[in-house]
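Throw the hints in and build the complete structure from the sequences for me.
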Amino acid sequence: MQFDTPATTNPIDQLKVVGKPIPRIDGQLKTTGRAMYAYEWHDPKLSYAYGYPVGASIAKGRINSMDVSAAKKAPGVIAVVTAPEIGDRKKGKFNTVKLFGGDEVQHYHQAIALVVAETFEQARSAAALIKVSYTEEKGVFDLKEAMKTAVKPDEKQEPDTKAGDFQAAFASAPVTMEETYTTPDQSHAMMEPHASIAAWNGDAVSVWTSSQMIDWWRGDLATFLDVDKEKIHLMSPFIGGGFGGKLFLRVDAVLAVLGAQAAKRPVKVTLPRPLIMNNTTHRPATIQRIRIGAEENGKITAIAHESWSGDQPEGQPETAVNQTRLLYAGANRMTAMRLATLHLPEGNAMRAPGEAPGLMALEIAIDEMAEKLGLDPVEFRIINDTQVDPEKPERPFSHRDLIGCLKLGAEKFGWTGRGKPGARREGNWLIGTGVGAAFRNNMLLPSGARVRLGNDGVVTVETDMTDIGTGSYTIIAQTAAEMMGLGVDKVAVHLGDSRFPVSAGSGGQFGANCSTAGVYAACVKLREAVAQKLGFNSADVAFEDGQVRSGNRSVPLSEAAGSEGLVGEDTIEWGDLDKTHQQSTFGAHFVEVGVDVATGETRIRRMLAVCAAGRILNPITARSQVIGAMTMGAGGALTEELAVDTRRGFFVNHDLAGYEVPVHADIPHQEVIFMDETDPMSSPMKAKGIGELGLCGVSAAIANAIYNATGVRVREYPITLDKLIGGLPDVA
Amino acid sequence: MRAFTYERASSVEAAAQAAAGNREAKFIAGGTNLLDLMKLEIETPTHLIDVNGLGLDTIEATPDGGLRIGAMVRNTDLASHEVVRRDYGLLSRALLAGASGQLRNKATTSGNLLQRTRCPYFYDTNQPCNKRTPGSGCSAIGGYSRQNAVVGVSDACIATHPSDMAIAMRALDAVVETVKPDGSKRAIPMADFHRLPGDTPHIETVLEQGEFITAVVLPAPIGGKQIYRKVRDRASYAFALISVGAIIQPDGTGRVAVGGVAHKPWRVEAAEAELPKGARATASILLADARPTEQNRFKVDLVERALGAAIAEAKG
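Which chain is which? The protein sequence lines are A and B, in order.
Okay, so the first sequence: first residue is 0 according to numbering that gives the first Met the number 0, each after it adds one.
Okay, so the second sequence: first residue is 0 according to numbering that gives the first Met the number 0, each after it adds one.
Among these hints, one or two may not hold up.
Calculated Cβ distances over 10 Å to all of chain B for the following chain A residues [what the hints assert, rightly or not]:
#, residue
1, Ala69
2, Lys230
3, Leu325
4, Ile381
5, Ser537
6, Arg552
7, Glu676
8, Glu715
Calculated cross-link-like contacts (lysine to any residue; reagent style SDA-like; alpha-carbon spacing at most 20 Å) [what the hints assert, rightly or not]:
#, chain 1, residue 1, chain 2, residue 2
9, A, Lys130, B, Pro127
10, A, Lys722, B, Arg296
11, B, Lys38, A, Ala127
12, A, Lys130, B, Met0
13, B, Lys38, A, Pro192
14, B, Lys38, A, Gly75
15, A, Lys489, A, Ser557
16, A, Lys89, A, Gln311
17, A, Lys489, A, Val457
18, B, Lys25, B, Asp35
19, A, Lys411, A, Asp675
Covered stretches of chain B, going by a simulated chain A footprint (3 or more residues, C-beta under 8 Å) [to be verified]:
#, region
20, 36-44
21, 140-146
22, 233-240
23, 300-311
No wet-lab data here; the hints were simulated from the structure.
All residues carry an ideal CB built from backbone N, CA and C; glycine is no exception.
See the structure below:
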């Protein structure tokens, strides 16, 4: 189905199932431990062996030699696979840095060997016996130094944009601000480690893994192995979190496949937690400079956002200026991204890449500018709203209700009466509130699905879409149920299998809208097949309560299926509605914090997010996405930082004790409100993404609340107490 | 993890003897720290002596009005013990500030005293660390050192001792009771139990090979307001950036031990004489010899500020 004109009324608009707060249909499987995650797959007929990976102990250089003799002789060892022996392999198109093979070491903990043994413990123990001789090379690990030699990235990254004359407008603006902000490297830190099982059968291989994007992984694994894609069967039905860390093929899958080949047995491989931070990808650190000029009345006349980040050679910039191109009005503007070469592990996508770190900076800058202008920060944002792409005013937003989010949020949160910085105190707590706008683009990827109507009246959906904890199973069931006139109990959903039609996958908050639109398209086909089978005129057929009705004829769906059943399969494809119109999602975050007057410890007291993201397909799963994202934003504001050792070139705090994500005690109260809206430009579902919007702007709202509480403005994330105590009142 | 042999000790003396002649043997109690370290091959014992079955899990009154806490008393049980809560509030609060409920259910009193540092370089066997591999160097000096020690440090090591419980034990003047392999017993004041790193940061306590902790004894209660203030980036499940264990009497005198700043619970009796004058005077002596790094300089101010808050809280 080609979606190239705005959606009109369609069966989804009935909202009998879609939009309802239906609990996760896979919830029982998860709470009873029957949802099988990658490492847990177990076929009693198979004799699994266990692989344990070895990571490089240097950041850059070459392997001279590897002594695996002791490992090979260790108890239970079946095989040892080493990178030099595997040799250089073709790299998949989604990876910047090679995953495995050859003698070059490109970053710390890059995988260089796998030991396969009868038990996990034997493999781990033997892996420690491998001795490696390296020639170490000098690398560049410090972004602050490397930014001096940063270059303009590839033009396809759109490194520079401009409109009007920023320099002149900024120079003549009566009120201006200019500041530099930094965001650190961050780790996805998902609960389920990267894990895979591979089993060969002749020249074909089955891989159970933890992947957000089945088809991308399958293609890149085929490239690595130099085999036909059809020879690879990839399965990832349940995923314990990804956050972008499982978008692209990872080494656990590669090692499992190579290990299984060497051991001639099915092999399980998981990345040990201390390997994950340096072996896989991370959100790269940024240095961002923002300049804003405005009239006395608060109208922005000039805005500039520049960002520096680093990555491995052939890598990409963190697109931290994205939102500044679109979020606020202003006739004179420029953005620029510069990329430095760093030999740290590969920087890549993490939940809301670009906007998440970009808004961490921009939304503090907006707060600072509002203060300079003597304007309430909510009001300042409203004054500078735009309904068109400010760089290309001929492009309107498809639907934009940032103002509605800000106004409703301010009302529900109790924003009015907010005091001046450092003015409110309760006992030992300095109390402050802060606001940040949320913004994230809505992306459209093709997405396919197959729906089968059985003679039992059950509709089965098959798509390689993944559920990374987001609720895909449930919203897909709701979509099919709505389209076919059933309840979700009459829909079975099978996901995450490369035998199914290729979907959008999970990433970039495009999964929900795109994958359900794909299911919609397949269901349209199935409805046509049912109508045709029954000899109904498809234009006036109604699917309701398990019946197919046309005029005064009504037939149970199960009967319509016939003994063979009926199948509909289609892929939603997108016209140019996202080019003629700017499709984005919007929100407002309000946060109240307490800062301990003595120690500078910040503790969040309450959080509110108001989101305008098109139709909400399921308020339970959508809320879950948003509160999870708010939690991630709390970590980003207060604790999360991969600490770089700039001498040895690695992230030092590479486990969950050292890399502090929020715990329950950090998150006291969260509220989420969804604006009641639809966006007919986005898809037949009229929905947009929500999973990343919830993260965008929340860290800055926390930063702004800390400033309001203490009067101390911190521009370097995370905002830890050491950056505050120098500015807090004397207590000794 | 390396392969190891395992035995269950039948008595305290047998446990001590089993470890006496074997430098590669380790006692195992709750295992909350040792097992993690073994998996990472930071600890590589070839023999484990399980001491969980030796009793030693009771808390009893001593004739002079104190408490004898068996070495195998779990942190949860110790923190919730009625007398501890009533008379040694500092200890209860320090325990509850540490780890998580699950870990406290397993962790023992003696194991808590013997836990190893959480310096991130100690945890990465690819990196030089004098504590893990004597003579290899210290990566934390000049590296990521935000969590590390500021006082009592050496050129060989700037690791901290991570225990919350030990801070309270030090402020309460607890005494560690041990049995040596030859059957002799000794009582080691907490002040002397942990060592500063010096040139031998891998030697963390004064315990001899095979010497086995049987109990920790608290002297009779000394009253006062007992405050444990643990300062950390996140609200729970994190080691202290710094912590202050303070016992403040109505006249303003008292005791203070500080965590997260040194290789051992940090207490300077001379500094306590300044407590009636306030936190600044006290902290300036307490941390007079501080040698912080660029990254952890804030800890010096933070101790003073947290102590100030504790004194203010005590005054109520």
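*Verdict on chain A covering the region 300-311 of chain B, where coverage means 3 or more residues with a C-beta closer than 8 Å*: Three-residue rule met by the region 300-311 of chain B, so holds; n is 9.
*Does A/Gln311 lie within 20 Å of A/Lys89 when you go C-alpha to C-alpha?*
Holds, at about 17 Å.
*A/Lys489 paired with A/Val457 [C-alpha distance capped at 20 Å]*: Holds - the C-alpha atoms of A/Val457 and A/Lys489 are around 5 Å apart, at most 20 Å.
_Between the region 233-240 of chain B and chain A, are there enough contacts, at least three residues with CB-CB distance under 8 Å, for the coverage claim to hold?_
holds (count 7)
*Are the Cα positions of B/Lys38 and A/Ala127 separated by 20 Å at most?*
holds, 10 Å
*Compute the least Cβ-Cβ separation between A/Glu676 and chain B, then decide whether it is above 10 Å.*
The claim stands: A/Glu676 keeps its Cβ more than 10 Å from every Cβ of chain B (closest is about 36 Å).
*A/Ser537: least C-beta distance to chain B exceeds 10 Å?*
holds, 58 Å
*With a cut-off of 20 Å on the C-alpha distance, tell me whether A/Lys130 and B/Met0 pass.*
holds, 16 Å
_B/Lys38 paired with A/Pro192 [C-alpha distance capped at 20 Å]_ = holds, 17 Å
*How does the coverage statement for the region 36-44 of chain B fare against chain A, requiring three or more residues with Cβ below 8 Å from a Cβ of that chain?*
holds (count 3)
*Hey, A/Lys489 versus A/Ser557, does the alpha-carbon distance stay inside 20 Å?*
holds, 11 Å
_According to the definition I'm using, a residue is off the interface if its beta carbon is farther than 10 Å from all beta carbons of the partner; does A/Arg552 meet that for chain B?_
A/Arg552 clear of chain B: closest Cβ-Cβ about 62 Å, beyond 10 Å.
Against the hints set out earlier in the document, no violation occurs for any number.
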